Structure formats: structure tokens, C-alpha cells
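Protein chains: 2
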Amino acid sequence: MVWKGVSDAVIRRLPLYLRVLEEVKGKESSISSHELGEEAGVRPALVRKDLAWFGEFGKQGVGYDVEFLQDALRKILHLEEPIHMALVGVGSLGHALARYNRRRFLEDPVFTIEPVALFDVNPKLVGGTLDGIPIYSLEEIKRVVPEEAIQLAIITVPADAAQKVCDALVEAGVKAILNFAPVQLEAPKDVHVANTDLSLELQRLAYYIGV
Amino acid sequence: MVWKGVSDAVIRRLPLYLRVLEEVKGKESSISSHELGEEAGVRPALVRKDLAWFGEFGKQGVGYDVEFLQDALRKILHLEEPIHMALVGVGSLGHALARYNRRRFLEDPVFTIEPVALFDVNPKLVGGTLDGIPIYSLEEIKRVVPEEAIQLAIITVPADAAQKVCDALVEAGVKAILNFAPVQLEAPKDVHVANTDLSLELQRLAYYIGV
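Chains as they are written, first to last, in our numbering: chain U, 1 to 211; chain Y, 1 to 211.
Next up, chain U with everything else stripped away, as it sits in the complex (with noise of 0.2 Å):
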């Protein structure tokens, strides 16, 4: 389900206040706003403003209940069940992010989403693993991605070739990329596409350093 009207910027925060929920669970079994938003950097109105797009979970006085509203947030962002994602471009920045995530997904219960597939043109890499991952070609994306059912990837592939990837990854059925190449990537409207651009992102910071 995808809730109507609900920007990107309340979706960003509701990862922020699950982290929180995590973190508190087993030691209270309710939250404020006030605390929920100084845990998560937010300020509490906006927190209560933000939950309230998707239903009444606090009770006045009382706050949040921890459980339920953990939840909720985890059915919200489909979290309850795990999540399969690919990884396209087993280079330098790909070989990091498999391993860390595939890391991140053994040792932390709460994150349900597991690399399953790489993909690279490298036939050195073809037909082998990475950390038990399987490594296949660029073609085979057609074919392991709804296989084993991916919905996520990641690209970290060159520039040049990443809106043939992301075009590749459509067809084949995934929902929700995550691009690191730097370039501006075109897909269909019910497909979303992040960009997390690490040369914008330290141009950006630069201004900050004020010299």
C-alpha cells in the first residue's frame, strides 16, 4: 500500500523514528513525541504531525506505544517481510556496499533486506560469489529478477551505463532503485529512483567550509 498525499520528506523521517523505536524497545514500553523527536533530530510537532498521516498512534498524556507503533512503521515501509534486492556493478564502490549490506542484514534482525543477486559484465566475476552472494552477468538480469523475486536494487555501475541497467532492472519487474552512478536516470513514474551522488554531495558540503 502506498499512502496518498504522504511527501518523500515525511517518508525520510519515518526510517529515523523506527531506529529510535528499536533502540527503546524492551526498556519502555511507551515514547513522547518530545523523546521520539530528540532520539530522531526532529522536532516533536512535525513528529506528531508525521504519524498522524497514517493514523492515530498516540494517546494524549501517555505518548506512543513502543510495539505498536514499531509495527506499524514496519508494515508502512514493507518491512515486515524481507525484502530482496540486487546490486549491478561490482566495482570498487559495489564490492563495499554488497558486503556491507549483506553484513548489516545477518547481524541486525530488524533489517529484513537481503542482497541475493550481484550483476557485473566482468566475466572474471561472472559465475562466481561475493561474501555467498551469487555474481551474474548483465544479461541474466532479465531472468534472476523476478526468479528470485527482487523488488530493490542498487546501481553502482559507470555513468554511461547505468540508464541502460536501470532500464533492464525496470523490465524486469524492480520497484525502487537506488543509484549511485552520477547521472540523472529516467524510469516509468511507478518506479523510484534515489540518487545518492557522492561528488554532489561533498561539492555541496564544500560551500559549508566557508573559506
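Among the clues, some could well be false.
Claimed, not checked - Reference excerpt, derived from the structure (chain U facing chain Y, CB under 7 Å, subset only):
hint, residue
1, ARG12
2, LYS25
3, LEU79
4, ILE83
5, SER92
6, ALA176
7, LEU178
8, PHE180
9, LEU200
10, TYR207
11, ILE209
Quick caveat, the hints were computed from the structure, so don't treat them as lab data. If you're wondering where the values come from, they're calculated on a predicted model, not measured in any experiment. Where is the CB? At the ideal position from N, CA and C, for every residue including glycine.
Got chain U; can you put chain Y on it based on the hints?
What follows is chain Y alone, placed relative to chain U:
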């Protein structure tokens, strides 16, 4: 110089504009807000509004002078002179990011952010180099940051070590930090901390799967 009243959302788009200008430079001498917006993925009206914060760059019916605007944006973002960067935490992700940024700096003449120092706790790494970048111990942050005139830093240490690293960097004079550790860092107001939490990003994207 830091411009008054300019929001971070505006600053975030400037590197996007800069990238478009770098691509058209030499091919076109002027560019319209429409074309600039199209390539950057930003509405033309917003392009004009963003740039108006910093001066009158556009000419009615002609658009923006490509070279002039490029120089102005590089100046606003403090990218005229090389910026020295450190990276703390040479694990799997830190290793990949150091190499990625090093290559970017060497290969892309307009990318002026240079990784000049790495820091880690691992005695097997300390004293060595990675792609020619020296690796120091965390204790050496205090000495090396001012010596190398480092202003920007990437943190890729585990969550429980990140705040201590952040404090050491700030004390040594770093003005902007890109944090990959899954934790909210506290820093003085004049230091800008940007968080890039891949787990949060993936959990947010899971929302859009819409199962």
C-alpha cells in the same frame, strides 16, 4: 563566504547546475533556465529563483552565460581552490570511498576535492598507504588536520566510535563532515554535518515497493 538566508535545499541544487554547465561548456556559450533545469531535473522557475539568491546572472531572452555562471557557482561552492579532505575508518566502505574519491580527483579536472589523509585504528593499516594516500592513527587527527589544511572529512567508522571521531575532527578544525555511520552526530553550529545512512535510505525506498 556563506550567503545569508540561503537554505540547504538551494545549496543542494548548485552542484547539479554546475555539472550541467561543465557538460555544455565549449559546446554552447549560453544556456536558458529551461535547458539548465531540464538537464538538472529541476523546474525552470526554481532554477531562476535559486540563482537569483547569488546575483543577476541571467539575461532576458538570452539566458545564462555558461562560463560566467560556472565560475560564479564554483566560487560560491568554494571549489575554485583544491579542498583537502580526510577519511576516517578504512574498512570495506571507507576503502572503497577513498579509492573512488582519489580516482575522481585525479581524472576529473573540475573535481577539486582531494583526499590527502586516511585515519584508522587498525595497527596493520596505520603507517601504510592506500592508492598513495597515507594512513594515520586516530591520535594523529589533531596534528595532521591542521598540518594538511584539511577542511572536509568523511566518517566511515562504526556507530559507537563516530561521535568521538567527529569531536576530534571538529577540534582539529574540520568545517564539514559527511557521516556514513548510522548515528546522529552532534557538532557545533559552525560545522556542517551531512548524514548518508544507506540503511535508512534503503528502508525508505522499501516504502515505494508498494507490495
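Do the hints match the structure? See the list:
no.	hint	result
1	ARG12	holds, 5 Å
2	LYS25	violated, 16 Å
3	LEU79	holds, 6 Å
4	ILE83	holds, 6 Å
5	SER92	holds, 5 Å
6	ALA176	holds, 4 Å
7	LEU178	holds, 6 Å
8	PHE180	violated, 9 Å
9	LEU200	holds, 4 Å
10	TYR207	holds, 5 Å
11	ILE209	holds, 5 Å
Going through the hint list in order, the structure does not satisfy hints 2, 8.
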